[in-house]
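Undergrad: Residue numbers (my numbering), protein chains in the order written: chain A, 663 to 1077; chain B, 663 to 1077.
Hints are computed from structural coordinates only; laboratory data are not their basis. All values derive from a computational prediction rather than experimental measurement. Among the hints, erroneous ones may be present.
As the list makes no split between identical chains, a pair holds if one copy fits it or if it spans any two.
[Said to hold, decoys possible] Straight-line alpha carbon distances no greater than 20 Å define the calculated SDA-like cross-link-like pairs of lysine to any residue that follow:
hint : residue 1 : residue 2
1    : Lys1045   : Val775
2    : Lys1052   : Glu823
3    : Lys923    : Asn723
4    : Lys870    : Arg708
5    : Lys829    : Thr983
6    : Lys690    : Val680
7    : Lys819    : Phe746
8    : Lys699    : Thr682
9    : Lys835    : Gln1048
10   : Lys1070   : His841
11   : Lys1041   : Glu693
12   : Lys980    : Arg1005
13   : Lys1070   : Leu789
14   : Lys741    : Val775
15   : Lys1039   : Gly1021
16   : Lys697    : Ala893
17   : Lys876    : Trp686
18   : Lys819    : Pro875
19   : Lys857    : Thr843
There are 2 protein chains.
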Amino acid sequence: MQAEIITIGDELLIGQIVDTNSAWIGQKLNEIGIKVKQISSISDEREAILETLHAAIQRANLVIITGGLGPTKDDITKKTLAQFFEVGFKQDAGTLAQVKEIFSRYNAPLLPVNIAQADVPENCTVLPNKNGTAPGMWFELDEQVIVSLPGVPFEMKYLMEEEVLPKLNTYFKLPHIVHHTMLTAGIGESFLAEKISSVEDILPNYIKLAYLPKLGQVRLRLSAYGNDRKALELEVQSISNQIQKLISDYFICDSDTPLEKVILDFMESRNLTLAIAESCTGGYLAHQFTQHPGCSTVFSGSAVAYSYDMKESMLGVKHATLTEHGAVSAEVVEEMARGAIERYESDYSISISGIAGPGGGMPEKPVGTVWIGVANKAKTISKKFQFGSKRRENIERSAASALMMLHKLLKEDYA
Amino acid sequence: MQAEIITIGDELLIGQIVDTNSAWIGQKLNEIGIKVKQISSISDEREAILETLHAAIQRANLVIITGGLGPTKDDITKKTLAQFFEVGFKQDAGTLAQVKEIFSRYNAPLLPVNIAQADVPENCTVLPNKNGTAPGMWFELDEQVIVSLPGVPFEMKYLMEEEVLPKLNTYFKLPHIVHHTMLTAGIGESFLAEKISSVEDILPNYIKLAYLPKLGQVRLRLSAYGNDRKALELEVQSISNQIQKLISDYFICDSDTPLEKVILDFMESRNLTLAIAESCTGGYLAHQFTQHPGCSTVFSGSAVAYSYDMKESMLGVKHATLTEHGAVSAEVVEEMARGAIERYESDYSISISGIAGPGGGMPEKPVGTVWIGVANKAKTISKKFQFGSKRRENIERSAASALMMLHKLLKEDYA
Chain A
663 MQAEIITIGD ELLIGQIVDT NSAWIGQKLN EIGIKVKQIS SISDEREAIL
713 ETLHAAIQRA NLVIITGGLG PTKDDITKKT LAQFFEVGFK QDAGTLAQVK
763 EIFSRYNAPL LPVNIAQADV PENCTVLPNK NGTAPGMWFE LDEQVIVSLP
813 GVPFEMKYLM EEEVLPKLNT YFKLPHIVHH TMLTAGIGES FLAEKISSVE
863 DILPNYIKLA YLPKLGQVRL RLSAYGNDRK ALELEVQSIS NQIQKLISDY
913 FICDSDTPLE KVILDFMESR NLTLAIAESC TGGYLAHQFT QHPGCSTVFS
963 GSAVAYSYDM KESMLGVKHA TLTEHGAVSA EVVEEMARGA IERYESDYSI
1013 SISGIAGPGG GMPEKPVGTV WIGVANKAKT ISKKFQFGSK RRENIERSAA
1063 SALMMLHKLL KEDYA
Chain B
663 MQAEIITIGD ELLIGQIVDT NSAWIGQKLN EIGIKVKQIS SISDEREAIL
713 ETLHAAIQRA NLVIITGGLG PTKDDITKKT LAQFFEVGFK QDAGTLAQVK
763 EIFSRYNAPL LPVNIAQADV PENCTVLPNK NGTAPGMWFE LDEQVIVSLP
813 GVPFEMKYLM EEEVLPKLNT YFKLPHIVHH TMLTAGIGES FLAEKISSVE
863 DILPNYIKLA YLPKLGQVRL RLSAYGNDRK ALELEVQSIS NQIQKLISDY
913 FICDSDTPLE KVILDFMESR NLTLAIAESC TGGYLAHQFT QHPGCSTVFS
963 GSAVAYSYDM KESMLGVKHA TLTEHGAVSA EVVEEMARGA IERYESDYSI
1013 SISGIAGPGG GMPEKPVGTV WIGVANKAKT ISKKFQFGSK RRENIERSAA
1063 SALMMLHKLL KEDYA
C-alpha cells in the first residue's frame, strides 16, 4: 500500500512557504500503515498538475493533493481534477450551506467566487470542511483513491483526521509499519554506527535503521514492515534494547520525544521546577518548553533580558560584574542562573548570554560566542561555546546545548 | 531556465523531518532567475533515486539533489549517482584532507567510512564543504547540470552560497524573475480579490498574482518573467502602487517583511521601545521579535509569567485582580501590559494571557480563550479572542493577533 502526496502552489516552489503539510500527512499515513513513496510540490499550472497526477497514480494506490482550492483565480486544482476525470461540476448543498454560514457569522457579503466554492466535480464524494469554505474531495478510480484537500494547514489537518483517515482505514486492507525512534546526544553519527554495527549488520530485510542527526543529537529510527503489528513491535523493541546497551552513555530516551520534553517529563515526575534567563536566544528556549502541554507544572517562568539594565533589574546581576566581564561571560551567565533560581523560586535554571549576530561581534568575542549556565539550588555550571555566523543557527544551537547541559546535570543529580 | 529539486531521505516521507531545504533553495534559485518547476521528496532507495532523476532531467536544465551523503549505510546517493552516470569512483585529495582535519580537531579516530567520504564519482567536480565531511558534487550532462549536496541545512546552505550559485551564474545565461510582495492584514483573500479585480483582470500574461493567506494576514505576490530586470521592476512597482491605492485600509507594507519586523523598523525609526509580558504564548512572541538582527534597540525585555506568583512578582499584577477576575481576563492583561511598560521602562508593551490547551479549559473560558493587551505610556487596550482547540495554533494566532493590535495602535499614535 503506497501513497504519494502532491502539494500545489507557486509559493512552495519559490520558497515563500515551507511545505509542512507533507510531513504531517506522511506521519499520519504511516501510523495507519500506508507508506509514502514520493512527495511532489508543483506549480498552480494545469499541465504540471495533470502530469504529476498521472505519474503518481501509476506508482501509488493513494494520492493526496493539497492546495489550490481557494476562491481566487490562481486556484485551479478543482477545475483540473474535473478535466483529469473528464467530468462536469455539481453544486454541493452542504458546502453551500457551510459557506453561507461562515459569511453570515462574519457579517460579510457573499460573492460569486464564494458561492462557486460549493461547485465540485460530479464524481467526487464531498468531505465537509468545518473550518473553511473549500471542501475536501474524495475520488475513486478502479482500486485507487485520489483525495484533494485545502492547503491551509489547520483545514487540511481537520479533514485528514475527521474524514480521510477513517475512510482510508475502511477502504483499504492495510499492512502495518512500526517505527521506533531513540534519541542520542553528544556523539556523531559515524561513531554511533561503529558502536552499533554488530546489531545493524544482522538486521532482517524488513527492518530498516536510519540516522537522523540534528544539532548535536542523533535520532536512530527503526522501521519494520509486515502484517503482524504485535510481532513487529516486540522485535523492534528487542533490537532497540540491544542498541541501548551498546550506547548507554549517549542514550537519552527510547521514543521520538524532543529533548526538552524528556526534561519536562523527568522534572515533573520529581516535582522539580525550572526557570530560564535568556539574552541572545530571546524567548526561543522558553518557547521550546512552553510549546508542550502541561509544561506549567515544571516551567515557572522566564526573563528575556537584553540590556545591562534588564539583567540587573530582572535577574539581579551585579552592575560591577557586567562592566568588569561584559554581558557575554562566565560571571554574568552564572549570576543570571542564580538570579533565576532565587527570584523565580525554582529548583533548576538555565541562563544564556551570547552574540547571536550578525552584528555585535568583537575580536575577543566574535559572533557566535555564547556562554550558557545551568544551576541547581547548590551549584552553578557555566560553559563557553563558539558557534558560527548565522543568527538563527546560533539561537538554535544555544538552546540545544543548554538543553544538553541541563539534562546532564539532572542525570548527575538523580543518578 | 527551469530547475528541479530532489530531496532524499525516508525521514522526509514518514514526516519525521520537515523539508526546509527545498524552500530555501527555491528562494535562492529564484533570486538569480531560475524557476523551480518541481520539488520531489523520495526515499533512500536506488530505484526511486534513478527514476526521479531521469524524470527530472527530462523537464529541467538543472537538478539539485540534497541528502543521502552521510557516512552510514542508509546513505546511497553517491553510489546511485555513479550508477546513473555509469562511472567509477576517484578519491578526492581535498576532501580527504578536510575529513582528516575535522576528525583531528575533535580528537576523534578516523574510521574507514569517514575516509570513504572522500570517494566521489569520477565525472564530478568536487564542491568543497568547509562545514562537514560530505563534499558537494557538480555534474555536467550535455547542456544540463546535476548538483548533489548534503541534507544537513547549514552544510547545504554554505555550499549553495559559496559554490553552486556563483557557478550557476557563469554556466547558464539566465533570464530574470522579479517577485514583489505586499503584506495585508485584517481582510480575507476573497474580499481582497474583489477590491483589486480591476488591476488583476488586466495583468499582462508574463505577470502573475498570488494570494498567500496566513493567520489573519494575506500576502500578495506579483511575479514577473522577462529579460529586462529594470523594466520588470518598474512595471511591477507600478502595479503594486495601483493595488495599494485600492486596499489602503488593509495595507501593511510593500515588501515580503514579516509583521513583527515591520513593527521593529517602525519603532526603531522613532526611537521607541517595546516590552512584552507573555503567559500562554510562553516566549514565542518575544522570539518572533528577537529572531531579527538588531532588535535590541527596540526590544527592551520580556517576562514569561505562567503562575499567579510570577505575574505578581515579575509584572506587579495585583493579587486581588488575579483572584477576582482570573488570570485570563481583561483586568489581568491590562495590569500585565502596564507592569511591562513601567518595570521595563518601555514606550509600548504587549501582554497575552490565555488558555492554549489542550488542558485548562473551563465552561466560561474554554480552551482557545485568549486576552491580549497593548499599551503605550498613556493608555491600555485589551481584547478577547476565541481561537480553537490546538495548542500550537492558539499560540501562533495569539502572537499574530497581538502584532496586529500593536501595529494598529502605533499607526493611530503616529497617523
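Undergrad: Hint by hint, where does the structure go against what was stated? Just the numbers, ascending.
TA: Violated: hints 1, 3, 5, 7, 9, 10, 11, 13 and 15.
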